[in-house]
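Asker: The residues making up each chain are set out below.
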Amino acid sequence: MNNEEFYIGWMGEAPKSFVTWIRKYLIVLLPVIIVLGVLLALSQKKFGTGTFEFGTLTEVKGIYFNKPVPNIKVVDGKNIFGNESYITVPLIGFGKHGADGVIADLEKEKNISFEGKEITLKGTLLYNDGKLLMQVDGNDKPLVNVSGANINSVGLQNTKELGIIEVKGEIVDPKCFFGVMKPGEGKPHKDCAIRCILGGIPPVLKVTDEKGNQNYYLIVGANGEKMNEAVQDYVATPVEINARAVAYGDWIVLYVHPNGLQRYSYIQQHFGNKTASCGVACLK
Amino acid sequence: MGASYLAVGWNRQKKIYDWLIFGFCVLYLATFVVLTAIFNPDYTFETVLIRATSTLAVIILHVILSIGPLTRINKKFLPLLYNRRHLGVTMFCIILVHGSFSILQFHSLGNENPFVSLFTSNTHFGSLADFPFQALGFFALIIFFLMAITSHDFWLHNLSPKVWKTLHMFVYLAYFLVVMHVMLGVIQYETNPVFIIIMLTGSFTLITLHLIAGTREVKKDNVIYKLKQDGYVLVCDIKDIQEDRAKMFCVDAERIAVYKTGGKLFAVNNVCKHQNGPLGEGKVIDGCITCPWHGYQYLPQNGQSPPPFKEKVSTYDVKIEGTHVWLNPKAYAEGTERPGAVISVVNAE
Amino acid sequence: MSTVTVILSAIALYLVAGIIFTIIFQLKGLSKIDEGVHGSSWGFRIIIIPGCIVFWTILLRKWIKANKEIINPPKEHA
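Residue numbers (the working numbering), protein chains in the order written: chain A, 1 to 284; chain B, 1 to 349; chain C, 1 to 78.
Chain A on its own, in the form it takes in the complex (with noise of 0.2 Å):
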């Protein structure tokens, strides 16, 4: 190094070597940080197509139902056959907490039951893959309109026994997963799924077939209770569920057997048992 050429940082210009030198330094830079841009961005796994409605509210008429979840059946017109076919619209509260909070707080205010009643609730919607859900959050007054008599409500209460299953997937918490947030499974999103089911949002199971399709079940105790704590240990993670599945109209709903719930790993499943003993092999 020439003996004249000296850098001091609090002097005003650096010496014309050291100022070339970085120069050359960010030429070099400047395009790996651009290639870094690009290969990131482009990278990244596609975004769903979920939407949530932030921000819009919308009145939707239908039967209130508790079971299996907190959810409307909405008129969706007539099949086949003539009979009137619905739409089931599961319920979910504010930020990461479930709709049973704010339906107990209307009824009380109320003084009535919303059980098989024909009620009309203000509320964001949030929908993908063929399922719509809706938000109701206390302070959007979501409650329009409730009849004062049931509604003859037994041709919506119309089930059909799948019989037992055993299904494998990865269970979500429907609000995030649905149009919330992106995406709304997987590692990234864990701790998040966990806190929304912990809240009181109805744990769902996502399954993808040998296909991609995904089907979507809803998850509750063997008799019928909530499981939001029980799946804490499950969410996020491949597990595999053994269950009586019924079907409600178009969502399912798994009663998960006592111990129906397991993890499931792939690897140890397809090689679980060959890395095991090729172990023991190479430790011998």
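There may be inaccurate statements among the hints.
Unchecked claim - With a straight-line cut-off of 27 Å between C-alpha atoms, the simulated DSSO-like cross-links for lysine-lysine are:
1) C/K62 x B/K312
2) A/K16 x B/K75
3) C/K68 x B/K312
4) B/K220 x B/K162
5) B/K15 x A/K24
6) C/K68 x B/K162
7) B/K310 x C/K68
8) B/K162 x C/K32
In case anyone wonders, no lab produced these hints; they're calculated from the structure.
On a predicted model such as this, the values are computed, not experimentally measured, just so you know.
Following the hints, put chains B and C in place on chain A, whose structure we already have.
Answerer: Here is chains B and C on its own, set in the frame of chain A:
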């Protein structure tokens, strides 16, 4: 330092440096956000913000951590080192956006305090696949926070240089936490190998740079000086040292800088009081030894910073026999005046 | 209360104490512990606030020590 404190001692170089940081950050963020919006039209604003800031911060962290070894390998990188703290504070601000938005998005509006939720939602600390990676990021953020808030020289003096330096060495722990945060987090979700390849390339580059720089230092430190008499060791020839410059010798585990200036040789401790910069790689400017890292100055004859500054380094005895330079590694108290060794005309020839 | 809640509450309390300390320290103590503070800029005083809140115990110790030295100045060596 004894002069009055300023928030930032602005000068032309600092301004250029900060504008460059700003320009590069905007360029990266714009590239990432615009491309995501074009190719991933279903994006949500929060996710893009969380990802754009996190990836940018990881890139800046790699730049920051490479500056140290790069300057040891080539002095021409010194202008990057001088204002490194600006880069550090910038990175902290960016990562704070990432951390705050993540806690807001993933933990707020629930049935638990967001910070409690951070540690109690996912408790699979024993599993790699399910590990609560957000906690790792949180601890890294805390380290970056402590570093950022103590980056002013006021803290260097009031926490003591030793504590300050130790605190700032935690950046390596933070880096490890960041790598694990990425590996146990988003990499388990994304399917494109680009992410893991970039992360590993970054880590590999940093480790290599540190190893290269480290082995060079170790080589210098391991030179053994055989000739000894009366506590002095023979270190070099007079003409090995340039005027107003020094050579560093590591004798009995003491790093000593021997300076040649104004027809004399002086020996002072090699370690700058500011941030352990190598004084032996400095230069005598206006009669003062000037540290190459941040320009801290010391008088060669007594190792004291000129008033109003108050830093002091140890001094040593040095003598000349013929053209040979002899050095005594026994340190005098910091700031002790030593006569130095006069270079006579005969010696210099 | 869970362990996490207890730890986080303790940290919150420490930081609240730090905020109170920082207000008093900025008004009275700062110039006593470091000569560099004389004639320093407002920007400097603002920039060190987060540090004062976090490291208030260290600064408090320095402040107490500085006060003692004013009352009983350390004896100069002959």
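Asker: Please go over all the hints and tell whether each is borne out by the structure.
Answerer: Going through the hints against the structure:
With a CA separation close to 21 Å, the supplied pair C/K62 and B/K312 stays within the 27 Å bound. Between A/K16 and B/K75, the direct Cα distance comes to roughly 13 Å. Compliance with the 27 Å bound is thereby established for this hinted pair. Of the pairs offered as hints, the one joining C/K68 and B/K312 holds, with about 25 Å between alpha carbons and a cut-off of 27 Å not exceeded. For the hint pairing B/K220 with B/K162, the CA-to-CA distance comes to about 24 Å; that is within 27 Å, so the pair holds.
Restraint check for B/K15 and A/K24: satisfied, since their Cα atoms lie roughly 19 Å apart, inside the 27 Å limit. At roughly 24 Å between alpha-carbon atoms, C/K68 and B/K162 fall within 27 Å of each other, so this suggested pair holds. As the CA atoms of B/K310 and C/K68 are separated by approximately 22 Å, the hinted pair is consistent with the 27 Å bound. Using a Cα cut-off of 27 Å, the hinted pair B/K162 and C/K32 holds, with the two alpha carbons roughly 22 Å apart.
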